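Next come the chains, spelled out residue by residue.
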Amino acid sequence: MKSPFAAAVRAIVSKDLRAEWRSRELVSAMALFALLSVLVFSFALELDKNAREEAISGVLWVSLIFASLLGFNRSLSLEHDQGSLDALLLTPVSRSAIFLGKLLGNFMFTLLVALVLLPLMTALYGVQLLDSWALLTTIVGVFGFSAIGTLLATLAVQTRSREALLPIALLPVCLPFLLTAVRATKGIVSGAPQSEWQVWLQLLAAITIIYLVLCLLLYRFVLEE
Amino acid sequence: MTQRRIHASLAASPQPRLLRALTILATLGFASTLVLGLFVAGTDIQQGPVQRIFYIHMPAFFGAFTAFGATVLGGLIYLWRGSEAWDRIALAGVEVGLAFALINLLTGAIWARPIWNTWWTWDPRLTSAAVMCLTYAAYLMLRAGIENPQRRRRLMSVYGIFAFVSVLLTLFIIRIVPDTIHPVIVGASPQNAQGSFEATSGVVLALLPSLLLWLTLMPITLMWHRYRLALRQEAVDALKLKLLGG
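Which chain is which? The protein sequence lines are U and C, in order. At position 12 of the first sequence the residue is numbered 147 (our numbering), and the sequence of numbers has no breaks. At position 79 of the second sequence the residue is numbered 1042 (our numbering), and the sequence of numbers has no breaks.
Hints listed in this document are in silico derivations from the structure and should not be mistaken for laboratory results. Source: prediction; values computed, not measured. Misleading hints may appear alongside valid ones.
[Stated by the list, open to error] Here's a subset of chain C near chain U, in silico, CB distances under 10 Å, partners left out:
(1) L1065
(2) L1068
(3) W1079
(4) N1111
(5) R1117
(6) S1120
Here a beta-carbon is modelled for each residue, glycine too, at the ideal position from N, C-alpha and C.
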């Protein structure tokens, strides 16, 4: 961890974490929002015992993505409004390091929300979400859409009506994550044999890697000024 | 833009001869593939005349594929070389592709009404095709939301590359998610596909020319026209700016 790249990534992550630790406004807002949307879903879908097993993984992932939208928007618009994005650009740091730094921060916040949701939904709905495979799926999936979300949030803060545009830009593009993650989680929760849902987890991992590489390559064009 | 370039592009530059030839060819080609599909090809025994819509439905998707592919290519080359021309191509690709994708959805719905007994169903492929349209609609919205032209070109090049994921998803989703009722043309249809097609020689005869036309001539011709429109638009904008600035 001596290379300037790693040092830059670490500096950005620790800055984000420290800012969050002092204000505690981002994660609490995201977690509250995720919780509310889980509740809204359970009223709207009238989740009884059978419907739960079918729908719960969808509810989990949609709530997570909605909550993460809140976080991505906030995380990047803070940087943009206070001019710290420009300041970061002035430093002799590679754009990929800035991307990775912001990504890791966003990833940790969203994962934290997921870690609140998983046990809570397990308790509320009586489904087994506290499973090491479910956890792995969550980590991979959250990392994947945090990558594309960080890139698109950087893009969206540079537009005129940014709060409105991030969901429009992000939701269609993160559909592959939703599709595979929901299928994998559903298989795991329903107790199906591993051979049935393993392919979804593998696909999810493959998509995550592809998106991560694309984001690393393209981020400097989103930030360049 | 320099004064000279403004005038050069504004002075109603006549259509290049090649473009005019392409336009005529595409029009004739479209008319003749219509004749092939509507009159020459035999009527499907099971589905009746409605099956003929397939000669437009599937080619339209591949036309959109070409156009959206041009957006990716235009975006990549713009990011690499920074020439505005490639960004115009990318934008033309989005608009032409979106029009084709909507034709694809619409003709599909018209076909599904008698065959599936519904206009629309939340089949994986139908859903992903709809998401594809929404992705490119989002492209146009994002594009309209960025004022600085240079920044707009750069950011939209990136988004155009990511948006192509939705096209690939539509193309491959029936291989990944097998529970579709949408028929597969290349290879075996899934077990539960309803209203499948057999690529008999009669179908191929009518399909192939149409497919080639929509894959190449139609998108290229339309995109070229859209490209020229973008040039005019930019010239008008520059002129407006100049007049306002005194």
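### Query
Holds or violated: is there a CB of chain U closer than 10 Å to the CB of S1120(C)?
Interface hint status for S1120(C): holds (7 Å vs cutoff 10 Å).
### Query
Can we keep the L1068(C) interface hint, with Cβ of chain U closer than 10 Å?
15 Å, violated
### Query
Would the stated hint for W1079(C) survive a check requiring a Cβ distance to chain U of less than 10 Å?
Interface hint status for W1079(C): violated (22 Å vs cutoff 10 Å).
### Task
With a cut-off of 10 Å on the beta carbons, see whether R1117(C) makes it to chain U.
This interface hint holds because 6 Å falls under the 10 Å limit.
### Task
Could you check if L1065(C) really has its C-beta closer than 10 Å to a C-beta on chain U?
15 Å, violated
### Message
Does N1111(C) hold up as a contact with chain U if the rule is Cβ-Cβ below 10 Å?
### Response
8 Å, holds
The earlier numbered hints that this structure contradicts are 1, 2, 3.
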